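*Asks:* So the chains spell out like this:
There are 2 protein chains.
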Amino acid sequence: MKTLFWKENKLYLLDQRKLPHEITYVICGDHYAVATAISEMVVRGAPAIGVAAAYGIALAALQNQSSPEFLPALQGAGDDLIKTRPTAVNLRWAVKQMLVTAKEYATESKSVITTQLINKAEAIAAEDIKVNRLIGAHGAVLINDGACILTLCNAGALATAGYGTALGVISAAYTNQRKISVFACETRPYLQGARLTTWELSQAGIPVTLIVDNAAGLLFQRKMIDMVLVGADRIVSNGDVANKIGTYPLSILAEEHNVPFYVAAPLSTFDLTLSSREEIPIEERNSYEITHIAGVKITGDEIPVYNPAFDLTPAEKISAIITERGIIYRPDREKITALFAQDGEQDDE
Amino acid sequence: MKTLFWKENKLYLLDQRKLPHEITYVICGDHYAVATAISEMVVRGAPAIGVAAAYGIALAALQNQSSPEFLPALQGAGDDLIKTRPTAVNLRWAVKQMLVTAKEYATESKSVITTQLINKAEAIAAEDIKVNRLIGAHGAVLINDGACILTLCNAGALATAGYGTALGVISAAYTNQRKISVFACETRPYLQGARLTTWELSQAGIPVTLIVDNAAGLLFQRKMIDMVLVGADRIVSNGDVANKIGTYPLSILAEEHNVPFYVAAPLSTFDLTLSSREEIPIEERNSYEITHIAGVKITGDEIPVYNPAFDLTPAEKISAIITERGIIYRPDREKITALFAQDGEQDDE
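Taken in order, these protein sequences are the chains called A and B.
Taking our numbering, I'd label the letters of the first sequence as residues 76 to 424.
Taking our numbering, I'd label the letters of the second sequence as residues 76 to 424.
Chain copies aren't distinguished; within one or between two, either way the pair holds.
Calculated lysine-lysine pairs in the BS3-like style (CA-CA distance at most 25 angstroms, straight line): (1) LYS185 <-> LYS171; (2) LYS158 <-> LYS93; (3) LYS93 <-> LYS372; (4) LYS77 <-> LYS372; (5) LYS82 <-> LYS171; (6) LYS392 <-> LYS298; (7) LYS77 <-> LYS93; (8) LYS178 <-> LYS158; (9) LYS410 <-> LYS205.
I should point out that these hints are in silico values taken from the structure, not numbers from a laboratory.
Owing to the predicted nature of the structure, the values given are computational and were not obtained by experimental measurement.
Extracted from the complex, chain A is given alone in its bound form:
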């Protein structure tokens, strides 16, 4: 089951709103459709959103073959895409990669630029899977035989072009014959844990038990959790992490119970332009996600709702960040700077 794929100049997005009950794809023919799909959660997960946005720029190029303002049109499409989800930084990163490619070929014909943009989007998608496999390989060493892992939201194949970040680490460990099991927090309001993580892990044959987010505390009290492992939507230069709402409380519980707290994310999730968590914009989503579940109204009329989609975990609560370039134990500004200095692959955004 592919999270997304490109076929005959269209982007196919697995409609994650309908999982696990229906397997259907939303077909996007222009970047507006991609932007709508991102804001309406057809596709979600920081890396997957980034890849979708890259294809969105390719679609904008295809749509603007007769435009006199080709490069500005791509820039405009990028702005439209970036606006959809303000917290996850991979989106911005991927759009930037695409616009840099467009500029590199600026003196060529629109047709050549467009071909290069399609190739670049395909490369970003392929690279994402490669990177996730490296994250998995690095992270698997952290998982002892028999470990019970708590995770929140979905940082699996569905959140990426494939394989997953946090769930990629779990898959890698499982493939290494380790007897592991997972508790998946259901992850209100959008229930990515209940709908997506349990489905992905079950399909992979990895033992998973669903809990409500509220139950995490009791699990720690009863020593049922050996480690917490989550993904990230943005990691800033001091190691602070923005991730799905509910992540920060898990980090506090983990600390209280001396359980390691791990974050798995590609380098494209790092935003070195920000120095600490206070600078990260937190997306607020509509109240409908809370007042209605599966289309059924839960609350009374006109109840005010506050629906922030992410929270902020301070670096000092994080035991390690697992990246494709290795593990950063006890992350801080110095170690992150050193990791990025290791070679020139990362652009100095």
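Fit chain B to the supplied structure of chain A, relying on the hints for placement.
*Replies:* What follows is chain B alone, placed relative to chain A:
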């Protein structure tokens, strides 16, 4: 809107499963109906369950007028009722009060005993409301003008015979002209916060905003919470508290952010026979509460679920317990023993 009332030898229970969309009552004609109503959450909240169970014993007496084994039948009814919810201790307390009354009048006719049992159940209900008003009056002094209070589950009029414990304190503070506001955690899995607390507070004109349980962490990070105030299902002799699943994580967050964490509960919620939280039985409920919301299936098929209904907050995380006999700051065994020694009202169960 009464949570429950007695009329023409029947117990009327407001069907809380249907709130806030429908106002209907379940009418119980025998103790079996009461037991079913308690286990199926028609009535919930430790004090309300206790009162309902008291009436359940009165119904058992009415049903057994021709039984040769009248007192044993009442004892059996008590056992049936106690079995329904193992964590909340008010249930056990109320059944015991009723059986003590039956024994006091054991030499009288069944008819006299039955009348006394009905009177006793009515007295327990009336006493619950009186006690809640005292809790409210004591606790209101803890709430500063302009305070923003975080609460979980529903510890309001609906959780009691009337007025409420934690929400009773909030009502009392609000009546004292304090400008207060409340964040209500939706309280998965059963959504008592989303369905009941927002409804109760809105009806009282008290400003309330609904959040998912996962959002509490970010609210603390943003200094939006001045105090946490919750009810309790059982408080043991060292001050440890069993309450709705998700309470313990709030206590850890409150401690991390130097925010006071208060518990409001009547003396009937104390279980002095247990010395610490490890001894409290934690009810596990069915997986349907998690896999389905409002009757709609959320997860895939055959996903294993763990659904504990309560967690345990250590006394050292609690700033104060508010009772009808006053406030126990920094609760511990010594202070609780002293409170109960103040007079002879509390039976020495």
